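> Residues per chain are reported as follows:
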Amino acid sequence: MGLETKLQSIPAIASKVEFFINWARKWSLFQYPFVTACCGMEFMSTACSHYDIARFGAEFPRFTPRQADFLLVVGTISHKQAPILRRVYEQMCAPKWVVAFGACACTGGFYDNYATVQGTDKVIPVDVYIPGCPPRPEMVLDGLMKLQDLIQKEKLDEHLWHPKYKPLMP
Amino acid sequence: MSIEAVEKIKVRFPDAVEEAHSQAGDDTVRVTRDSWFTVLGFVRKALGFDLFVDLTAVDYLTREEGLPRFEIVVHLRNMTTGKRIRVKSRVPESDPSIQSLSPIWKGANWFERECHEMYGILFKDSPDLRHLLLYDEFEGHPLRKDYPIDKRQPRIPLLASEERRFSRPADETPHGHGPGFQEKP
Amino acid sequence: MTVDSSKDLHTDYIEVMMGPSHPAMHGITQIKLFLDGESIISADVEPGYLHRGFEKECEDHRWNQIVPYTDRLNYVSPLINNVAYVMAVEKLCGIKTTPRCDYLRVILSEMNRLTDHLTCVGAAVMELGAFSGFLYFVKARELYYDLMESVTGARVTYAWTRVGGMRWDIPEGFEAQSYAAIKETRRILKEINGLFTKNRLFLDRVVDVGVISREDAISYGITGPFLRSTGVAYDVRKAHPYAAYSEVEFEIPVGENGDCYDRYMVRMAEMEQSMRIIEQALGKLPKGPVNVEDPRFIFPPKQAVYTTIEGMINHFRLVYDDVHPPKGEAYGYAEGGNGEIGFYVVSDGGNKPVKCRVRPPCFTIVAAMGKILEGHMVADIVPIYGSVNMIGGEMDR
Numbered sequence: 180m181g182l183e184t185k186l187q188s189i190p191a192i193a194s195k196v197e198f199f200i201n202w203a204r205k206w207s208l209f210q211y212p213f214v215t216a217c218c219g220m221e222f223m224s225t226a227c228s229h230y231d232i233a234r235f236g237a238e239f240p241r242f243t244p245r246q247a248d249f250l251l252v253v254g255t256i257s258h259k260q261a262p263i264l265r266r267v268y269e270q271m272c273a274p275k276w277v278v279a280f281g282a283c284a285c286t287g288g289f290y291d292n293y294a295t296v297q298g299t300d301k302v303i304p305v306d307v308y309i310p311g312c313p314p315r316p317e318m319v320l321d322g323l324m325k326l327q328d329l330i331q332k333e334k335l336d337e338h339l340w341h342p343k344y345k346p347l348m349p
Numbered sequence: 169m170s171i172e173a174v175e176k177i178k179v180r181f182p183d184a185v186e187e188a189h190s191q192a193g194d195d196t197v198r199v200t201r202d203s204w205f206t207v208l209g210f211v212r213k214a215l216g217f218d219l220f221v222d223l224t225a226v227d228y229l230t231r232e233e234g235l236p237r238f239e240i241v242v243h244l245r246n247m248t249t250g251k252r253i254r255v256k257s258r259v260p261e262s263d264p265s266i267q268s269l270s271p272i273w274k275g276a277n278w279f280e281r282e283c284h285e286m287y288g289i290l291f292k293d294s295p296d297l298r299h300l301l302l303y304d305e306f307e308g309h310p311l312r313k314d315y316p317i318d319k320r321q322p323r324i325p326l327l328a329s330e331e332r333r334f335s336r337p338a339d340e341t342p343h344g345h346g347p348g349f350q351e352k353p
Numbered sequence: 131m132t133v134d135s136s137k138d139l140h141t142d143y144i145e146v147m148m149g150p151s152h153p154a155m156h157g158i159t160q161i162k163l164f165l166d167g168e169s170i171i172s173a174d175v176e177p178g179y180l181h182r183g184f185e186k187e188c189e190d191h192r193w194n195q196i197v198p199y200t201d202r203l204n205y206v207s208p209l210i211n212n213v214a215y216v217m218a219v220e221k222l223c224g225i226k227t228t229p230r231c232d233y234l235r236v237i238l239s240e241m242n243r244l245t246d247h248l249t250c251v252g253a254a255v256m257e258l259g260a261f262s263g264f265l266y267f268v269k270a271r272e273l274y275y276d277l278m279e280s281v282t283g284a285r286v287t288y289a290w291t292r293v294g295g296m297r298w299d300i301p302e303g304f305e306a307q308s309y310a311a312i313k314e315t316r317r318i319l320k321e322i323n324g325l326f327t328k329n330r331l332f333l334d335r336v337v338d339v340g341v342i343s344r345e346d347a348i349s350y351g352i353t354g355p356f357l358r359s360t361g362v363a364y365d366v367r368k369a370h371p372y373a374a375y376s377e378v379e380f381e382i383p384v385g386e387n388g389d390c391y392d393r394y395m396v397r398m399a400e401m402e403q404s405m406r407i408i409e410q411a412l413g414k415l416p417k418g419p420v421n422v423e424d425p426r427f428i429f430p431p432k433q434a435v436y437t438t439i440e441g442m443i444n445h446f447r448l449v450y451d452d453v454h455p456p457k458g459e460a461y462g463y464a465e466g467g468n469g470e471i472g473f474y475v476v477s478d479g480g481n482k483p484v485k486c487r488v489r490p491p492c493f494t495i496v497a498a499m500g501k502i503l504e505g506h507m508v509a510d511i512v513p514i515y516g517s518v519n520m521i522g523g524e525m526d527r
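Chains as they are written, first to last, in the working numbering: chain A, 180 to 349; chain B, 169 to 353; chain C, 131 to 527.
In isolation and in its complexed conformation, chain A is listed as follows (with noise of 0.2 Å):
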């Protein structure tokens, strides 16, 4: 942390060192596959031979949170499985990102009721939204690369804990 706000002092360093390292980390992301439902169909499809997630180098699920990238929240999160997702993310080590994969973990989808959380951003705090129900591979790819342009932009303090999120698990 120290390293990275000193280097951000310095514009001159700093922007040729941030190009690297988000270039480094855009393209070798280890997902966090945390799959409910229905989504984790086309994750399959996505992460398979066919639509190949592995030739954006982030075809290697990591199912520790201590040593994932980014989150990948397949399908519905229900009330009884929202503390578990709170738990996982903020056992991720940052950098992490967060992607919001089907109707369901983007809004609720057309489940509006008193099982749902609507929307995997009233849990924990999300980058990258990908609408379907569940959505093509290749919008989910559509989507990794929106993940990647995001990642590529980022200053290098970016991943300081983010200034309103309070963590809520011990």
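The hints are simulated quantities; they were obtained by calculation from the structure and are not laboratory data. Fair warning: this is a prediction, and the values are worked out from it, not measured in the lab. Note that the Cβ used here is the ideal one computed from N, Cα and C, for glycine as well. Be aware that one or more of the hints could be misleading.
Here are the computed distance ranges between Cβ atoms for each label pair [what the hints assert, rightly or not]:
#1 G250(B) x D338(C): 23 to 33 Å
#2 Q307(C) x P346(A): 48 to 58 Å
#3 F239(A) x F164(C): 27 to 37 Å
#4 T327(C) x F239(A): 23 to 33 Å
Based on the hints, put chains B and C in the right spot on chain A.
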């Protein structure tokens, strides 16, 4: 389907049977609540309906006054003859309890747990009536007709809009642009 | 004199929570394990992390509006759920569908059965470590997703059936594409058979693991490949034939021991039988209308809607007010990928159901899991749970 089974139940338990019909080809018999366990024990042992297909409850809130509110419905199948039967029983709102079927069929327990948390029906002598599909602290019985569909019961406090991520300034966030888009000069 | 150090050993059971967010949990289920080292003393399966309120939504929507919700129940074979639901409503209404509709329902259901078994066995072998096997299975599955997309427009969730028929007919070139897909699938399945069926590593993991007896399975209410692996030849398609199943020839593969290997073999054999059914049904597909000609249930043709007043009123009424089944109740069922999926619908004559209950096949299997797991080791949970084919949408609804 299994008219003979319904007839046998009527012969064996003449006081217990309240109604029987075969709408759409499904043989159905409605029995009194107190005879629930004995009738179903007979159905299992003497009539051989061994496959436990389903147990559920229906909430007839808007029915005529005086009729009990809930109706427990059990579907069974006889694996040797291939016949099916539906057995029902009415349960009033003032005392929503009925005998558990877990001693007769092993599969009944999970169905009863779900019925209990969704409708509030107590299954007497059930080995386990914890919450199954809802979280433990959930209050109320959501499948009852008087539970509003959009009543929210979050388990953890949810984020307010200013804590969400889209507080990033708009011109820094990449958006997909259509083919005719022109960058501002 | 030897010191008996076992008195100092602190022996206690460890409680481990496996899940809910776990790669082997096929979605989100939690298993609370009490372990003695690696052996499981008791296991308590806790479902419900994907409970989305299907039945409550059904009571708030009209009869045809429920069809998309049924898609998301068993989301690896959605069309079978659609078919089972509309069959329940058609049974209540007393509608007899057209022969072409019956055959199409059979063809598309069997394609969905193929996607179900391909996904189930693919995920199971992936969790055992054979990732390449998963890639082969998903490659075969893509062929059927493309076929379903050419008919319905969607790859995974279709909402294709309506009370009284289907949305519309199959397109040109569907038969040719299906035959090509079946030929390619047979080739892929042959490769997969070579990879797994006699593979010593695979056999050591799955033979004699997860055994359930016939009586227990029936008492729990288990149906489908899980029950057939114990030796009971119960298949809804043969026992209570619906749609056009009585007019096609196929066999029901049955296992002997009720272990994971039998379930794997039953599913592989069922895939071959499904392909046989599709070929026969495509050959015999009758011509004619897909939907019944009943203005109470099916839209009139667009020509009539735009030119006659009765057509327009009929269309408007069906869109606005939907169908009104007669008062009463019915239980309609079909053979899903996991077993008998049944819908118990209760109507009071209105356009929304009083109750629409789905009888989930994997609910009963997971209920038995706690009992099956006792005595096994932690590593055995993976093949056992993989062979259960727990689909969260169906179990938790």
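> It remains to establish, for every hint, whether it holds in the given structure.
Status of the hints after comparison with the structure:
1. The hint said 23 to 33 Å for the Cβ distance between G250(B) and D338(C), and at roughly 31 Å that hint holds.
2. At about 52 Å, the beta-carbon gap between Q307(C) and P346(A) stays in the expected band of 48 to 58 Å.
3. The hinted window of 27 to 37 Å between F239(A) and F164(C) holds, with their beta carbons roughly 33 Å apart.
4. The beta-carbon spacing between T327(C) and F239(A), approximately 29 Å, falls within the hinted interval of 23 to 33 Å.
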